[in-house]
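There are 2 protein chains.
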Amino acid sequence: MTHKAKNPINSDLTLLEILNGLEELGGGRIQDIADETGITKSTVHNHLSTLRQQGFIVKDGDRYYLGLRFLRLGEVARNRGPLFSFGRPEADKVANETGELTNLSTVEHGRGVYLYRTQSEHEVRFSTAAGEYHDLHCSATGKAILAFSPDSVLDEFEDVHGLTRYTQNTITDRAELEESLETVRERQLALDLEEYEKGLRCVASPILDKDDRALGAISVSGPAMKFTGEYYRETLAEAVKSAANVISLNITRTEGTY
Amino acid sequence: MTHKAKNPINSDLTLLEILNGLEELGGGRIQDIADETGITKSTVHNHLSTLRQQGFIVKDGDRYYLGLRFLRLGEVARNRGPLFSFGRPEADKVANETGELTNLSTVEHGRGVYLYRTQSEHEVRFSTAAGEYHDLHCSATGKAILAFSPDSVLDEFEDVHGLTRYTQNTITDRAELEESLETVRERQLALDLEEYEKGLRCVASPILDKDDRALGAISVSGPAMKFTGEYYRETLAEAVKSAANVISLNITRTEGTY
DNA sequence: CGTTCGATTTCGTGATGCGAAACAATAAAG
DNA sequence: CTTTATTGTTTCGCATCACGAAATCGAACG
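Chains as they are written, first to last, in this note's numbering: chain D, -8 to 249; chain S, -8 to 249.
Check each hint, because a few of them may be wrong.
Copies of the same chain look alike in the list, so a pair counts if it works inside one copy or between any two.
Cross-link-like lysine to any residue pairs, in silico, SDA-like; alpha carbons within 25 Å at most [unchecked claim]: (1) Lys(-5) / Pro141; (2) Lys84 / Arg244; (3) Lys(-5) / Gly52; (4) Lys(-3) / Asn11; (5) Lys50 / Glu8; (6) Lys201 / Lys217; (7) Lys(-3) / Lys50; (8) Lys201 / Glu229; (9) Lys(-5) / Leu7; (10) Lys(-3) / Asp23; (11) Lys(-5) / Ile21; (12) Lys(-5) / Glu8; (13) Lys32 / Ile0; (14) Lys201 / Glu99; (15) Lys201 / Asp53; (16) Lys(-3) / Asp202; (17) Lys(-5) / Asp23; (18) Lys189 / Thr161; (19) Lys84 / Gln110; (20) Lys189 / Arg165; (21) Lys232 / Gln110; (22) Lys32 / Ser2; (23) Lys50 / Leu7; (24) Lys201 / Arg71.
Calculated directly from the structure, the hints in this document are not laboratory data. As the structure is a prediction and not an experimental result, all values here were calculated from the model.
Start from the sequences and build out the full structure, keeping to the hints where you can.
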């Protein structure tokens, strides 16, 4: 387990449970939240009422929604560390030059988290994956990060989530995974060959600090049909790798501020 | 007051207080948070410990920070309503065409909130204002929104925050403000002539739903020295106005989904 | 080794969060 | 218009538990 609180505060747990419910449902009425979370109506009501009073929740008609207060908290979280501020411009560049969807991610609580994803022209609605979690063993960014992280990171992830199989290509064997990480280390490049979702491929390169430890990774992702041959293994790979290099350099250059 | 909870939950209040503290400090040690919030060490410790266990907080050394969990919650909040998903692409276009800083904002809990701000080349670090609050009476976006909102919105804002004076140009008289809103309604354009910060000007245009009620506003902002004459009152004004129109149209066209 | 500073834990108690159920409000149905 | 159903809101009593003072632990420093 990641962390076990000695004296967990009960009402905090229910409050957070309610937030989780609101996130999943994208908002809802008291009854909905109560059903979703298994918490009594009156309790849900009191918590939501308190949250609203403090400006964290908005009520539209009889529906409750997460408020924009969380947007602010999220931005503060995202701007801890240099990864986002230095990475975003480069990610945008890669997206412009290649025309592909570009991602920036890091690790938190033993899982991969998207810090940023470029906007796609096509899927306008809900394209935002920022803040979403992903597995480390079957994503390009995840493997790029693992290759330059202490074993403890993989240990924690394996402990909590296991090496779940999603497709035929998913690497579910620890030894095999570690072997593949070795080549990632050599080439500073990690691939995802439909290991998480059939038809989806990625290339990632790690973003490193001065001690060659991964702060995160940058990747492009797209359809397997398009991500093949030289375009995939040279053009895109190089684009991602050089972007990662620029970001790493910019970060280490400004070291000390962090 | 915006909303008064009948049975506010005490531990929720302290938890939220701690989050506020973390936001202000950008993270810190137990003692720091305790000092900042006036809550006892052990209480702070228990709350943070609980939050961490649930993945909302990260601990780096002996420092606690807001976790990326909030990023996700913030994104959910931001994607409620069509404003962000339809507005962002247009805001980016305006930013590209004019080269100026472009903002997208809305109203929540009686205050203006930035939903999105385009990245500026110059100020890389901490340029993110997303989720930040701003006053309605002295900002271009605020006035654009007020002009197309029921009086209750201005009432609530005035009640809670008052028409604070920030510069010589700030409109602090309700009647005068309402008069200026009349011309905003006519021209579908609102200006900020250094009313909030000396040297800073903005132009905004409201984003309207099918009943001509403001969902938010889009604006560009920049130095007063540059924002003058035809460039300010024609070029930028038109850019913002037409972008607002496009967004409004796209939203009403897809009406019913919301 | 001792000192200092802060994190963590212990612990007793008064406050309070919880759930069942009553009540109100609203909408749908007949 | 009345009835019925559904859900939000409030009440209330009690076992629980969040709180704070102080003790303990642990690390960094000289």
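Checked hints:
Taking identical chains as interchangeable, the C-alpha atoms of lysine -5 and proline 141 lie at most 25 Å apart only when both belong to the same chain, with a minimum of 22 Å there against 49 Å between chains. Within a single copy, lysine 84 and arginine 244 get their C-alpha atoms as close as 20 Å, which meets the 25 Å cut-off; across copies the closest is 32 Å, which misses it. In this homomeric assembly, lysine -5 and glycine 52 come within 25 Å of each other (Cα to Cα) only across copies, at 17 Å, whereas the closest approach inside a single copy is 39 Å. Both within a single protomer and between protomers do lysine -3 and asparagine 11 lie at most 25 Å apart by alpha-carbon distance, with minima of 22 Å and 24 Å respectively.
For a Cα distance limit of 25 Å, the shortest separation of lysine 50 from glutamate 8 qualifies both inside one copy, at 18 Å, and across copies, at 21 Å. For a Cα distance limit of 25 Å, the shortest separation of lysine 201 from lysine 217 qualifies neither inside one copy, at 35 Å, nor across copies, at 41 Å. Only between protomers do lysine -3 and lysine 50 lie at most 25 Å apart by alpha-carbon distance; the minimum there is 16 Å, versus 35 Å within a single protomer. Only within a single protomer do lysine 201 and glutamate 229 lie at most 25 Å apart by alpha-carbon distance; the minimum there is 21 Å, versus 48 Å between protomers.
In the homo-oligomer, the alpha carbons of lysine -5 and leucine 7 lie at most 25 Å apart both inside one protomer (16 Å) and across protomers (21 Å), since each shortest distance falls under that limit. Proximity of lysine -3 and aspartate 23 under a CA criterion of 25 Å is satisfied inter-copy only: 21 Å between copies versus 31 Å inside one chain copy. In this assembly of identical chains, the alpha carbons of lysine -5 and isoleucine 21 lie at most 25 Å apart only when taken from different copies (17 Å versus 30 Å within one copy). With identical chains, the CA atoms of lysine -5 and glutamate 8 are at most 25 Å apart both within one copy (17 Å) and between copies (23 Å).
Within a single copy, lysine 32 and isoleucine 0 get their C-alpha atoms as close as 20 Å, and across copies as close as 15 Å, so both meet the 25 Å cut-off. Taking CA atoms no more than 25 Å apart as the test, lysine 201 paired with glutamate 99 passes inside one copy only; the shortest distance there is 20 Å, against 43 Å between copies. In this assembly of identical chains, the alpha carbons of lysine 201 and aspartate 53 lie at most 25 Å apart only when taken from different copies (22 Å versus 52 Å within one copy). For the identical chains of this complex, lysine -3 and aspartate 202 are neighbours neither inside a copy (34 Å) nor across copies (54 Å), given an alpha-carbon limit of 25 Å.
Taking CA atoms no more than 25 Å apart as the test, lysine -5 paired with aspartate 23 passes between copies only; the shortest distance there is 23 Å, against 30 Å inside one copy. When the C-alpha separation of lysine 189 and threonine 161 is checked against a cutoff of 25 Å, the pair qualifies only within one copy, where the shortest distance is 10 Å, while the shortest distance between copies is 58 Å. Taking CA atoms no more than 25 Å apart as the test, lysine 84 paired with glutamine 110 passes in both settings, with 12 Å inside one copy and 13 Å between copies. For the homomeric pair lysine 189 and arginine 165, the shortest alpha-carbon distance inside one copy (21 Å) is at most 25 Å, but the shortest distance between copies (60 Å) is not.
In this assembly of identical chains, the alpha carbons of lysine 232 and glutamine 110 lie at most 25 Å apart whether taken from the same copy (21 Å) or from different copies (23 Å). Taking the closest pair of Cα atoms, lysine 32 and serine 2 come within 25 Å of each other both inside a single copy (14 Å) and across two copies (19 Å). When the C-alpha separation of lysine 50 and leucine 7 is checked against a cutoff of 25 Å, the pair qualifies both within a copy, at 18 Å, and between copies, at 18 Å. In the homo-oligomer, the alpha carbons of lysine 201 and arginine 71 lie at most 25 Å apart inside one protomer (18 Å), although the nearest pairing across protomers, at 40 Å, exceeds that limit.
The structure fails hints 6 and 16 (numbered hints given earlier, in ascending order).
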